[in-house]
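Visitor: Sequence:
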Amino acid sequence: MNKLGKPTIKDYLYVSIQLVLFLVYVLPVQLWVLHFAEWLRYSGLVLGIFGLVLGIMALLQINTKISPFPTPVSKSQLITNGAFSIARHPIYTSVITMALGYAVFDASLFKFIICLALWLLFYFKSKYEEQLLAEKFPQYSNYQQKTRRFI
Numbered sequence: 000m001n002k003l004g005k006p007t008i009k010d011y012l013y014v015s016i017q018l019v020l021f022l023v024y025v026l027p028v029q030l031w032v033l034h035f036a037e038w039l040r041y042s043g044l045v046l047g048i049f050g051l052v053l054g055i056m057a058l059l060q061i062n063t064k065i066s067p068f069p070t071p072v073s074k075s076q077l078i079t080n081g082a083f084s085i086a087r088h089p090i091y092t093s094v095i096t097m098a099l100g101y102a103v104f105d106a107s108l109f110k111f112i113i114c115l116a117l118w119l120l121f122y123f124k125s126k127y128e129e130q131l132l133a134e135k136f137p138q139y140s141n142y143q144q145k146t147r148r149f150i
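When the letters of the sequence shown are read in order and numbered with this note's numbering, they come out as residues 0 to 150.
Just so you know, the hints here were simulated from the structure itself, not pulled from any lab data.
All C-beta atoms, glycine included, are put in the ideal place defined by N, C-alpha and C.
Take these hints with a grain of salt, some might be off.
The calculated lysine to aspartate or glutamate pairs, modelled on EDC-like cross-linking and capped at a C-alpha distance of 20 Å, are [as the list claims (entries may be wrong)]:
hint, residue 1, residue 2
1, Lys5, Glu128
2, Lys145, Glu128
3, Lys145, Glu129
4, Lys135, Glu37
5, Lys9, Asp105
6, Lys5, Asp105
7, Lys145, Asp10
8, Lys74, Glu128
9, Lys5, Glu129
10, Lys145, Glu134
11, Lys64, Asp105
12, Lys5, Glu134
13, Lys74, Glu129
14, Lys64, Glu129
15, Lys135, Asp10
16, Lys145, Asp105
17, Lys126, Glu37
18, Lys9, Glu134
19, Lys74, Glu37
Quick list of the computed label-pair ranges, beta carbon to beta carbon [said to hold, decoys possible]:
hint, residue 1, residue 2, range
20, Ile65, Thr146, 15 to 25 Å
21, Val45, Ile112, 35 to 45 Å
22, Tyr122, Val23, 10 to 20 Å
Required output: the full structure, derived from the provided sequences and hints.
Guide: The structure is reproduced here in structure tokens:
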């Protein structure tokens, strides 16, 4: 682990892929027209709003210690309450939930595919991040056993 908390090449790779997926998600691509009932489409908005609230809660808890990189910020502390008691990675969960919710609302197969790609990216990014967190915080393995990675 980088003892100084500085991002590594692997950190930059994960964040670069993440940014590309974010940019691709907003492209107006229509692969296949999906037909959902109106109630299902609007339930996607509810799901997206839930993701937004979870993300805001997590961001407020992290405060100034936030970083897009998996390498823990120097002088950071392990947070296990609030949004972090719901999921070990509430911000990743928030992004996935918002992307999925809007994909349902938009009835977009393309956005579903990008959402799946985001889930895969966040799964592997969080595995790497958790290795680093376990090195930095001895109590992290206990937290891992009690709290799910994502919701």
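Visitor: When you take the CB atoms of isoleucine 65 and threonine 146, is the distance between them in 15 to 25 Å?
Guide: With a Cβ separation near 19 Å, isoleucine 65 and threonine 146 satisfy 15 to 25 Å, so the hint holds.
Visitor: Does lysine 145 pair with aspartate 10 here, judged by a C-alpha cut-off of 20 Å?
Guide: violated, 26 Å
Visitor: Does the alpha-carbon distance linking lysine 5 and glutamate 128 stay inside the 20 Å limit?
Guide: holds, 13 Å
Visitor: Given the hinted pair lysine 74 and glutamate 128, is their Cα-Cα distance within 20 Å?
Guide: Distance ~16 Å between lysine 74 and glutamate 128 Cα, so the pair holds.
Visitor: Compare the distance between the alpha carbons of lysine 5 and glutamate 129 with 20 Å, and conclude whether the hinted pair is satisfied.
Guide: holds, 16 Å
Visitor: Regarding the pair lysine 5 and aspartate 105, is the alpha-carbon distance no greater than 20 Å?
Guide: violated, 39 Å
Visitor: Would you check the hint for lysine 64 and aspartate 105, treating anything up to 20 Å between C-alpha atoms as holding?
Guide: Judged against 20 Å, a Cα distance of about 34 Å means the pair is violated.
Visitor: Is the Cα-Cα distance between lysine 145 and glutamate 129 20 Å or less?
Guide: With a Cα-Cα distance of about 14 Å, the restraint between lysine 145 and glutamate 129 holds, given a limit of 20 Å.
Visitor: Can you confirm whether the C-alpha distance between lysine 145 and aspartate 105 stays at or below 20 Å?
Guide: With a Cα-Cα distance of about 35 Å, the restraint between lysine 145 and aspartate 105 is violated, given a limit of 20 Å.
Visitor: Does glutamate 134 lie within 20 Å of lysine 5 when you go C-alpha to C-alpha?
Guide: holds, 15 Å
Visitor: Given the hint that lysine 74 pairs with glutamate 129, does the C-alpha gap stay at or below 20 Å?
Guide: With Cα atoms ~17 Å apart, lysine 74 and glutamate 129 stay inside 20 Å; holds.
Visitor: Against the range 10 to 20 Å, how does the distance between the Cβ atoms of tyrosine 122 and valine 23 compare: consistent or not?
Guide: holds, 18 Å
Against the hints set out earlier in the document, violations occur for numbers 4, 5, 6, 7, 11, 16, 17, 19, 21.
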